[in-house]
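**Q** If you're matching them up, the sequences are chains A and B in order.
Its first residue numbered 1, the first sequence is counted upward by one per residue in this note's numbering.
Its first residue numbered 638, the second sequence is counted upward by one per residue in this note's numbering.
What the hints contain is simulated information worked out from the structure, not anything from laboratory work.
Treat the hints loosely; a few may be bogus.
[What the hints assert, rightly or not] Okay, derived cross-link-like pairs now, EDC-like style, lysine to aspartate or glutamate, Cα gap no bigger than 16 Å in a straight line: (1) A:Lys542 with B:Glu679; (2) A:Lys371 with B:Glu788; (3) A:Lys548 with B:Asp651; (4) A:Lys548 with B:Glu686; (5) A:Lys504 with B:Asp675; (6) B:Lys684 with A:Asp540; (7) A:Lys542 with B:Glu686; (8) A:Lys504 with B:Glu679; (9) A:Lys494 with B:Glu686.
[As the list claims (entries may be wrong)] Only part of the chain A face toward chain B is listed, based on derived beta-carbon distances under 7 Å: (10) Arg70; (11) Ala481; (12) Gly545.
[Said to hold, decoys possible] Residues of chain A placed beyond 10 Å of chain B at every Cβ, according to the derived structure: (13) Asp89; (14) Thr187; (15) Leu210; (16) Tyr449; (17) Ser493.
Heads up, the beta-carbon is just placed ideally off N, CA and C, and yes, glycines get one too.
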Amino acid sequence: MILDAKIPAGELADKWDNYKKHAKLVNPANRKKVDVIVVGTGLAGASCAASLAEQGYNVKSFCFQDSTRRAHSVAAQGGVNAAKNYKNDGDNVYRMFYDTIKGGDFRSREANVYRLAECSAQLIDQAVAQGVPFAREYGGYLNNRSFGGVQVSRTFYARGQTGQQLLLGAYQALMRQVSLGKVKTYTRHEMLELVVVDGKAKGIIARDLLTGEIERHAATVVVLATGGYGKVYYLSTLAMGCNSSAICRAHKKGAFMSGVSWIQFHPTCLPQSGEHQSKLTLMSESLRNDGRIWVPKKAGDDRPPQSIPEEERDYYLERKYPAFGNLSPRDISSRAAKERIDAGCGVGPMKNAVCLDFSKAIKEQGKDKIKEKYSNLFTMYEKINGINAYEQPMLISPAAHFTMGGLWVDYQLMTTIPGLFALGEANFADHGANRLGANSLLQACVDGYFIAPYTIPNYLADEMKVEKVTTDHPAFAEAEAAVRAQLSQFLNSKGTLSADHFHKTLGKLLYNKCGLSRSKESLTKAIEEIKQLRASFNKDLKITGDDKVNSELEKAGRIADYLELGELMCYDALTREESCGAHFRDEYQTPDGEAVRNDQDFCFVSAWEWKGEGVAQELHKEPLVFENVELTVRSYK
Amino acid sequence: MKLSLKIWRQEGVDTKGAMINYELDDVSEHMSFLEMMDLLNETLVQKGERVIEFDHDCREGICGQCGMMINGRAHGPLANTTTCQLHMRTFKDGDTIYIEPFRATAFPIVRDLKVDRSGFDHIIQAGGFITAGAGQPPEANSILISHETAEAAFDAAACIGCGACVATCKNSSAALFTSAKITQLALLPQGKLEAADRVVNMVEQMDAEGFGHCSNTEACEVECPQAISVLHIARMNYEYNKALILKP
Ligand SMILES: Cc1cc2nc3c(=O)[nH]c(=O)nc-3n(C[C@H](O)[C@H](O)[C@H](O)COP(=O)(O)OP(=O)(O)OC[C@H]3O[C@@H](n4cnc5c(N)ncnc54)[C@H](O)[C@@H]3O)c2cc1C
Ligand code: SF4
Ligand code: FES
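Bound conformation, chain A alone (with noise of 0.2 Å):
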């Protein structure tokens, strides 16, 4: 099969323009007679079921929390980037799209790339329209700042909560559709099948998370926007919820995943205190506006970081990284930290943390100025750690984030299987090996107000002439089975070990062998050993409780997917002889240390293609044209 991204014609910068001038219309008396699903409710589901309801089609719209407020980008800090050179900083879209393309060392694609931030701008307007209260100037103008990997202040925020904020804007909009009767809400419900007839996309199957009933839903089109799979690594920034389930059943259908192990670490986590922890909490990337970082110098220093007199510290970014420093790219800064840490400088109870220091800004802008920048991550620190940050040093350390792999999409973010479309995180993305901060709120809500409802009915426009499909075809009968199969292999395994203890397992091993650094080695026996415990969660697992509420029902089913994601991720690096991004690979290293990439080899996207159970899976490749951006090192320092 030949990947093609369908990337319109023209100069750069008229891509997208000369996309919506021939993308086809669906006449709007017809709107009302298609049906959509979208699953997900974050900034990228919420957002496009919002608009695609609003120019009339019907909507279903499905979650598994109990409210489609509760997606996970609402817990996103930072901010969201925007190309609008409110600061008159030199900043602008194609800037944006260059630092964008570089930070994701040149592993994404141009036209995407552009029109993400093309859209920036109007990603601001859509949401100040909506009421999310951006922080402001005391002239009433809308302030922003800079944030890890640019030059320019491009990030708006609404304090440390901008995903919080944004969300609540997305869900109001989809709020109000529900109230005209144009989306209907499955909350609770998780998606648990894709159905495909004809080669197309046309529904699902969704377990309700609270009768155990398995339902069917047919549709014309389904969107899967349901977020980053990050917790594969059981320990990760992410919500406890967070999964692959949807687009790794998506994929077993026919969707090629691509650039899976492509996993960013963030730099500025809370660090692991214990066996017992179920999570890394993430300290807002903006902090490091402000904090400077550190480590002893000497090995194995164990006075209190407060007592390590300036002299004896090592500003290891400041003095790596001059142009950027604290502001490093995440990938740079989490690869710099683990370096230290794995040199003996770590600090900390177990020695896993780097210092995030605020002394200087304080003593320079006062403590009311730091206060009110980060008052609310203080305070969440001290909760957590009991640790007043304004005294000492925060410690901090990296911590598996963000997903750039995911389902792959074309420019239409449309999947290989028509009719299936993939937003926001769940999609292999526009942020390449690596993503800048406070672009993926954007990506995700961009995909949703900008770009679906334009792609979309263009699909529909033609999808619309084919005779509808309902859940009595014999496919959803297939799929139904399928899932009861499944569910009923869980409730009637008579294992010993619980579900946490496979995620837990095959989360440490990952992080070993396939985390901020992986080599051929590592990888091999990574495959070798989450094929063992494959093995043994399909014998051991131990399940309680019946098929109505049963959380532990929900967690295998997400267990046997990360059991495959992790193998693919596996198999994904080892193909990837390079460095670049967050992928490092130790065999492809210069000797200080910094990523050698292989664009000879490797531009391309890799995209995987499922073969069935047992058999390896295909890899596709879809070569990389850079035209207007030259291939550099990425160099930061």
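Mind docking chain B with the ligands on chain A? Use the hints.
**A** Chain B with the ligands in isolation, oriented as in the chain A frame:
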């Protein structure tokens, strides 16, 4: 540490529930309350028993899902803290802890500690939004909003929809939740035009959902993880009366 836990177990909406005793050893003071619950559930799985169902997701105090009554207080003994942000260092070895679901007629119990808070969504559907179409909004800086107004709107907008205010209120009133949204949108220029309809519709919906009336005990503010101020309730009443008086 070692704890005695007394936890509400209830199969479903129509069945009767009861407090059940559990003993738990090896609780670390660094655990969050929910990690302690995970540990307990792990022991139940080992014994072949059904785990205790509770709602949670983000575990960082922002999704609003993890509500439960702990020793009679919504989200436990600390002020302005969600259950997931409550750590076991707040308790001591040998403590007995009572754990129950949020109770309110408008929040039916789903199972054990899980409740149905969809009433909140219905209140928002009744008008808790700004009627702004998607796609072609005006330039953001064409709507000037003073720093103070934006901050005040944010103070209200910070509500996470957790329902602690309802659970802690002797009338099970949703006034704090509803008023927070009303204040946020009424303060902003974008939301002014439909402010009157909004407040009337939302207040009516609040009643229709079976939430009680606010009798100004101010218990809600104390338990609210976001420290949402009861002054918003005053503002809601003001907006409501204004809407009724000025109704054309
Ligand atoms: C702690 C944290 C902080 C962050 N901070 C920032 C930031 O400052 N700036 C930034 O740009 N980005 C940030 N990000 C990243 C950003 O928040 C996410 O990438 C983005 O919100 C993802 O949005 P989404 O709509 O794709 O998915 P989500 O918001 O994760 O939504 C997924 C939805 O899918 C549903 N779902 C999933 N599977 C199923 C299923 N099988 N059946 C039914 N429903 C399902 C869920 O219920 C949910 O509604 C942060 C991420 C984290 C974790
Ligand atoms: S007002 Fe406070 S207590 Fe009530 S729902 Fe909102 S955040 Fe929770
Ligand atoms: S789990 Fe999200 S607020 Fe506690």
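**Q** Take the hints in turn and mark each one as holding or not.
**A** We went through each hint and held it up to the structure:
no.	hint	result
1	A:Lys542 with B:Glu679	11 Å, holds
2	A:Lys371 with B:Glu788	14 Å, holds
3	A:Lys548 with B:Asp651	14 Å, holds
4	A:Lys548 with B:Glu686	15 Å, holds
5	A:Lys504 with B:Asp675	13 Å, holds
6	B:Lys684 with A:Asp540	15 Å, holds
7	A:Lys542 with B:Glu686	11 Å, holds
8	A:Lys504 with B:Glu679	13 Å, holds
9	A:Lys494 with B:Glu686	13 Å, holds
10	Arg70	5 Å, holds
11	Ala481	26 Å, violated
12	Gly545	4 Å, holds
13	Asp89	16 Å, holds
14	Thr187	7 Å, violated
15	Leu210	6 Å, violated
16	Tyr449	5 Å, violated
17	Ser493	12 Å, holds
The earlier numbered hints that this structure contradicts are 11, 14, 15, 16.
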